[in-house]
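*Asks:* Residues per chain are reported as follows:
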Amino acid sequence: MRRLVLAVAAGVAAELAGIGLMTTAVWLITRAAGQPPLSALTVAIVAVRTLALARGGLRYAERLAGHSAVLRHLAEVRGRVYDALLRRPLARGDALTRLVSDVDAVQDAWLRCALPGAVAVVVGVVALVATGFAWPLAVGLVVTVCVIPWAAHAVAVRHLRVLAPLRSELAERTVVLLDGAAELTAFGALDRELDATGRVVDALAERERRGGLGAAALAALAVVVQFGVALAFLRSGAPAHVVLGSVAVLEVTVPLAAAAQRWAEVRGSVGRVREALRAVEAPVPDVELPAGRVGVVGASGAGKSTFLRALAAAHPGVAKGVLDDAHVFHATVEANVRLARPEASREELDRVAELVDLDVPWDTVVGEDGDALSGGQRQRLLLARALLADPDVLLLDEPVEGLAVEHGDAVLRRVLDHARGTVVLVTHRLAPLVDFDRIVVFEDGHITQDGTHAELVRTPGYYRDRWSTERMAGRSSAGTSTGDGSHSPSNGTNCVNVDDATGTPHRRSAVTAI
Amino acid sequence: MRHVDRGYVVVLAVLAVLTAVVVLAQAEVLAAVLGGAWSAWWLVAVVLVRAGVVWGGRVVTQRCAASMKASLRKRVLRGSTGSSGTSGSVITLVVKGLDAVEPYFAGYLPQVVVAAVVPVAVVVRLSFADLTSAVVVLVTLPLVPVFAALVGLHTRDRTRAQWEGLAVVGGHFLDVVRGLGTLKVFGRAAAQAATVRSMAGAHAAATMRTLRVAFLSALVLELVATLSVALVAVPVGLRLLHGGVTLQVALLVLLLAPEAYLPLRSAGSQFHASAEGLAVLDAVAAQGSPAAATQGSPPAPAQGSPTAPVQGSPAAAVQGSPTAPAQGSPAVAVQGSPAVAAQGSPPGGSPVSILPGRTDEKGSSNAACGQLGERSGAVVGGVSVSGVVVGAVRAPDLRTAEIVVERVVVRYPGREALGGMSLRIAAGERVALAGPSGVGKSTLLAVLMGFVTPASGRVLVGGVDLREIDRDSWLRQLAWVPQRPTLFPGTVGENIALGSTGDVRAAAAEMGLAHLVDAEHPLSSGERQRVALARALVRDDARMLLLDEPTSRLDAGTEDAVLRATRRLASGRTAVVVAHRPVVLGEVDRVVAFG
Numbered sequence: 001m002r003r004l005v006l007a008v009a010a011g012v013a014a015e016l017a018g019i020g021l022m023t024t025a026v027w028l029i030t031r032a033a034g035q036p037p038l039s040a041l042t043v044a045i046v047a048v049r050t051l052a053l054a055r056g057g058l059r060y061a062e063r064l065a066g067h068s069a070v071l072r073h074l075a076e077v078r079g080r081v082y083d084a085l086l087r088r089p090l091a092r093g094d095a096l097t098r099l100v101s102d103v104d105a106v107q108d109a110w111l112r113c114a115l116p117g118a119v120a121v122v123v124g125v126v127a128l129v130a131t132g133f134a135w136p137l138a139v140g141l142v143v144t145v146c147v148i149p150w151a152a153h154a155v156a157v158r159h160l161r162v163l164a165p166l167r168s169e170l171a172e173r174t175v176v177l178l179d180g181a182a183e184l185t186a187f188g189a190l191d192r193e194l195d196a197t198g199r200v201v202d203a204l205a206e207r208e209r210r211g212g213l214g215a216a217a218l219a220a221l222a223v224v225v226q227f228g229v230a231l232a233f234l235r236s237g238a239p240a241h242v243v244l245g246s247v248a249v250l251e252v253t254v255p256l257a258a259a260a261q262r263w264a265e266v267r268g269s270v271g272r273v274r275e276a277l278r279a280v281e282a283p284v285p286d287v288e289l290p291a292g293r294v295g296v297v298g299a300s301g302a303g304k305s306t307f308l309r310a311l312a313a314a315h316p317g318v319a320k321g322v323l324d325d326a327h328v329f330h331a332t333v334e335a336n337v338r339l340a341r342p343e344a345s346r347e348e349l350d351r352v353a354e355l356v357d358l359d360v361p362w363d364t365v366v367g368e369d370g371d372a373l374s375g376g377q378r379q380r381l382l383l384a385r386a387l388l389a390d391p392d393v394l395l396l397d398e399p400v401e402g403l404a405v406e407h408g409d410a411v412l413r414r415v416l417d418h419a420r421g422t423v424v425l426v427t428h429r430l431a432p433l434v435d436f437d438r439i440v441v442f443e444d445g446h447i448t449q450d451g452t453h454a455e456l457v458r459t460p461g462y463y464r465d466r467w468s469t470e471r472m473a474g475r476s477s478a479g480t481s482t483g484d485g486s487h488s489p490s491n492g493t494n495c496v497n498v499d500d501a502t503g504t505p506h507r508r509s510a511v512t513a514i
Numbered sequence: 001m002r003h004v005d006r007g008y009v010v011v012l013a014v015l016a017v018l019t020a021v022v023v024l025a026q027a028e029v030l031a032a033v034l035g036g037a038w039s040a041w042w043l044v045a046v047v048l049v050r051a052g053v054v055w056g057g058r059v060v061t062q063r064c065a066a067s068m069k070a071s072l073r074k075r076v077l078r079g080s081t082g083s084s085g086t087s088g089s090v091i092t093l094v095v096k097g098l099d100a101v102e103p104y105f106a107g108y109l110p111q112v113v114v115a116a117v118v119p120v121a122v123v124v125r126l127s128f129a130d131l132t133s134a135v136v137v138l139v140t141l142p143l144v145p146v147f148a149a150l151v152g153l154h155t156r157d158r159t160r161a162q163w164e165g166l167a168v169v170g171g172h173f174l175d176v177v178r179g180l181g182t183l184k185v186f187g188r189a190a191a192q193a194a195t196v197r198s199m200a201g202a203h204a205a206a207t208m209r210t211l212r213v214a215f216l217s218a219l220v221l222e223l224v225a226t227l228s229v230a231l232v233a234v235p236v237g238l239r240l241l242h243g244g245v246t247l248q249v250a251l252l253v254l255l256l257a258p259e260a261y262l263p264l265r266s267a268g269s270q271f272h273a274s275a276e277g278l279a280v281l282d283a284v285a286a287q288g289s290p291a292a293a294t295q296g297s298p299p300a301p302a303q304g305s306p307t308a309p310v311q312g313s314p315a316a317a318v319q320g321s322p323t324a325p326a327q328g329s330p331a332v333a334v335q336g337s338p339a340v341a342a343q344g345s346p347p348g349g350s351p352v353s354i355l356p357g358r359t360d361e362k363g364s365s366n367a368a369c370g371q372l373g374e375r376s377g378a379v380v381g382g383v384s385v386s387g388v389v390v391g392a393v394r395a396p397d398l399r400t401a402e403i404v405v406e407r408v409v410v411r412y413p414g415r416e417a418l419g420g421m422s423l424r425i426a427a428g429e430r431v432a433l434a435g436p437s438g439v440g441k442s443t444l445l446a447v448l449m450g451f452v453t454p455a456s457g458r459v460l461v462g463g464v465d466l467r468e469i470d471r472d473s474w475l476r477q478l479a480w481v482p483q484r485p486t487l488f489p490g491t492v493g494e495n496i497a498l499g500s501t502g503d504v505r506a507a508a509a510e511m512g513l514a515h516l517v518d519a520e521h522p523l524s525s526g527e528r529q530r531v532a533l534a535r536a537l538v539r540d541d542a543r544m545l546l547l548d549e550p551t552s553r554l555d556a557g558t559e560d561a562v563l564r565a566t567r568r569l570a571s572g573r574t575a576v577v578v579a580h581r582p583v584v585l586g587e588v589d590r591v592v593a594f595g
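Heads up: the protein sequence lines correspond to chains R and S, in order.
Going by this note's numbering, the first residue of the first sequence is number 1, and it counts up by one from there.
Going by this note's numbering, the first residue of the second sequence is number 1, and it counts up by one from there.
One thing to keep in mind: the hints can contain errors.
Straight-line alpha carbon distances no greater than 20 Å define the calculated DMTMM-like cross-link-like pairs of lysine to aspartate or glutamate that follow [claimed, not checked]: (1) S:K184 with R:E206; (2) S:K96 with R:E206; (3) S:K96 with S:E276.
The set of hints was computed from the structure by calculation and includes no laboratory data.
Quick caveat: nothing in here was measured; it's all calculated off a predicted structure.
Just chain S, same shape as in the assembly:
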């Protein structure tokens, strides 16, 4: 039961108990009605109740899944805004990937809990009705996971090797179509068409070899289930012949026996659909853990915390209900069931077993849902980029404070973005950074803002290490104009303000955007640039300008606006300008050549 909070497990347990009650009642009533003992109205009643339970179960699990998904989405978003370089995968995860957890939360998990409860209830009821049949079911039921485990054990290595091979072959098609342009350029595209077909054929053949084995465990389950019906029905029929049991009891036994195996079958068939969701949850948990590490707070404590139920989900309400204590540990409940015997068999998530084999609770792994309500203020770190300005020292006033960059080295994965940079910027000095792209000019701005932690070296502001300075008080003194400004949903005016209370209209007018203040984008790239400049203008009280000039060529109007804004923003302030145009270099006190 990884990634699940207790509240939801309690909900599922309640549902499973209700299901068990309805299953027993329905068999009881059907047998009685068919045996002529009870009126058919009983059947009407029990069917209506069952329909209600089915409806309620679906609604509740669906709602919980939607709430959990929403919390996970928010968590991933909040956790990703501080890291760098992974936006593509995060977008996929947030928008589409997390949908895959629904079959896990709303399909597989409920079925697993039902599989833990219903067979037990059926066996208990059977033992009162007909002990022999109960024994037959009791003996055969464990055969399912045992056989699945045996099949799995026997074929584990082979299947794993085959699945690894499959991944290579499966990836081949995407690889080839991605490289189609390259193949065409070198005249190899037509030759590759035959390879694509033979590879796809080989893929199919390899998959079939794997499936022949993988489906064996399903075969065992089917056989045990149907054979035990035969094993129950025939002896009971023979005893009926001699008057050993009544017709009603015989029918009850016949109707109940398959119900003991049904949940296992359903859980098995849901397992595949949920595997992807489980992988997504693992990815989310992996994303969360480095964050916890950098904050120095182990994620484990949140696990047991009763204060972190799923926000707004019914789970929270149920959690306080009297049924809760029974559910000490959800894992234990499942472990008692035969389903778990299969645990030893499948290599993580392999299709060998159709049974739930993944009930292991590893340390913090199920913190995912337990922490859903959390709204950690600290931003999660990437490799070297993070909310690193965690200090509490109030930022020195930049009107008087000197900035000293001391042998700063910045490494991104695989490359060095800044190699031992040193620079001294006096209060009020205007500095231009020049040099070819990729030498670290923009990285230096990021270091100055505290977005990037130097691997070595430091930045001193008025003698205080930037890392010790309170982030907000530092950022409030800065006006930043990025090279490629982002426009956020909303009007141009809102984009200029971005939370500031300054005079938006004046700033917009100054940048020639007065007519666009109430418009929403799309804007041209020049207008975009002017929005970014207006953002800086609105922050009239900022004490340092950090301007990253766009490398692309600007239209004359924007070029002019950039210059005007630079002049205006740089006057009387400290300014660090990444310059790509010679004309800007005339506006500064000093040029720093990079490279």
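For reference, chain R alone in the conformation it holds in the complex:
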């Protein structure tokens, strides 16, 4: 707060120095035209030189003080946003990214709206007092400090509101256009759809062109007001330095229109940050901890990952592991693994790395969210972290995704052998679940099946279908299966098994593949 006041004070001083420079210079010249003795001008000459120097220095001081105040304020806001997110977490994704950029927009609100506004108001008041509340200046200030910024804000808000539906239509169309580009191409409809989106783009541009008219008119009005005040002073017989001084004063207040316009753009961000800071503690989900080895299967979006996250949230300190939103921090591999147990020894680190085949040097910096790692390396890092934590309940959400199938199976087997307590495993591959104590099937957010592998393959439903197709592909490593036999391809058909290494197809009977 003290820094902000300092910044405003420096800004006011800088602007007043600028106005004073102009006014004194004009006074000096008009006075000199009367050819007085040189001594009558010395004060003005010194003043002009001093003010000229002061203005630059003060402006520099204002910028530094303003930025310093706002940046420190922002550091505090970041800390509070973090606390708020701790109370009520936001899922990773657009809302979170937007909140972070909203915090950055708060900086703009201060630097480009609040500070210039405060400086202009103070300068205006000082100028009014200095001119003995001359009416032309009073009118000019009211118009440029209140009326025009208010109108500019209203115009900008309306403009943004008019654009909003078109922008969301554009966003929607862009998403489907890109997602569905292959389909559109396949059906020969790409150009048609591109044209339709192009029409939305054109409509948006048309609105933007029209929306600019209001702001342009206000900018022109500001010019008229600025020199209208000068003219009024001129008509009332004011001396030249007052006339030009008033122009210099309004030079400070005219940019408030831009500040108001900017405020219309960032006020949403400021509101969202405020909203986020008010967040109250999120309720802890009520999920009971299962026991033994539990497999969780189901189609994507069926609620498996949500279930696992709820388990972790409901039992902090007990249930840990690899969740679907597991994050890799932009730091070294070691820092990322060690965060599970900061006091772990180097031997312990090496041991978990060996268990999961993590072959990345400890001091490798992993890049943003593990960008510098391959998918498989990233996954093994997450597994190493989970193993190091050594929790009572180990949660694993598709832990070997991104690893080659055999390798993934082997790593997973070692991890399971090593887990000392309960394990909850989400997987799309069913083979590892054969000897699990219990398997639950999620469909549309609910558990629809619950039992052991042997029970589930006997029951018609999702699990049995998946099991059959998985085995159909000849990839199941389980020898204990009980096929249901209802799906054999007609006799005499052949199955081509593709050999990755040579590319030669091996023809063999479909029956042997099953």
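Starting from the known structure of chain R, fit chain S onto it as the hints suggest.
*Replies:* Only chain S this time, still in chain R's reference frame:
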């Protein structure tokens, strides 16, 4: 002047000349009126004209910026529909990112052109009024960029290092909040709160260290501008004292001198706001260049082409006007101005200099706007996915032609999606592909459609390489049912037709969608799936069915519909079905196990 077409530069030049005229006239009139020589009505007139120029300038630049933005949006959209894997960033670019170019087009660029024209005009006028003052301005004006360059040169490495450090620290907050869930799971979230505050504090301190230096160049500009006013005002006042000049001339000199520096200041203050837009333009240009490369046409020629003005913008009209020849190369005009002296100083886009330092014209870089009107039919390529079926051979008739997949390898960035696949599909044969997810079943369908170019190997259709076959004639023979169908804006009927003239209602009725033909979405996932099947049904004359069965569990009605449609579409046609359900496997002649 990167990314700008000539028409717009001409518009800006005209505006800058008008601005210069108005600035000179206003100073002239003010001095004359204050000196008692002219009536105040002259001031009224000149102010009204100035307001008009301000209004016109804003309107014109705003309109041009909107048009250029629209063209860029279309360009990015058209260029992105063929590439894969970048949709998130493209959506951000199209919807939000491109808005950042407006401050560049409508704010910074006009100011740069004004900064190139107005100071020259002011100095010329001053030299007629009072040569000494003109010399003072002429000498001090170049000091601005020279000092900015010196400050920049002196601090370049340090600032660059600091900014790189800042990027790390700045990214830290996003990194930490993104990983908040992970921190919580491992019980580290509370401990991290202190780190967040200290990092943010360090961020602020580091930024301030950088800004202290970066603002120095602004300080020099301010000082030179204000000091030169003092340098002009005091001597002129003293000469007035001895009757060396008239009051009117003295006032004119005093009013004009600051105007020489003002545009530089404005351009400087706009520079930051436009930096993001410039980065976006670079991203767009980068997106465009690989396309040009794959098409084998260098982007450079379009640059000089007079046939590619911004669509529908006033620029096009002005381009043919007599003022055009004066504007041989916009870069030259700017280079003549002092602004450009700063060019050497800042490392690309760093804040050291507040002056425009980026006037370099590198090869094709300004093709962006020059090509805005272009509507290239060819689809831009991603890494390996693109409109690759560029051949001109008419597609063989699939009723008789055999399809041979020969050792096809497909690589996506970082992984191999298909590793040496071979397969023979006889005309009329119905084949199911089975195997765990991620082994390349859907990729094979994409290869068959020609959406994906094999890194090695080939696909032969009736003995002709797919790459040599005309894309349209090939795709017309196919009916494709993707795993996750996309619904496009419009009614269900329009979604089924997708350009086809077949019997939409019949197809919809067959899939149990008759009551939804005129409805708009949202639809359930089952209904979505049935729309995709209906799309294939409408194309009754297609000769090959490519069906990617959904992995997710379907409701009984949809399951039934899938089966019915598969049976109906596969009969008498070649069919390649990616199967996830055992029941579908009973409908085919042969199962191919993947893995």
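*Asks:* Quick one: which hint numbers does this structure break? Sort them smallest to largest.
*Replies:* 1
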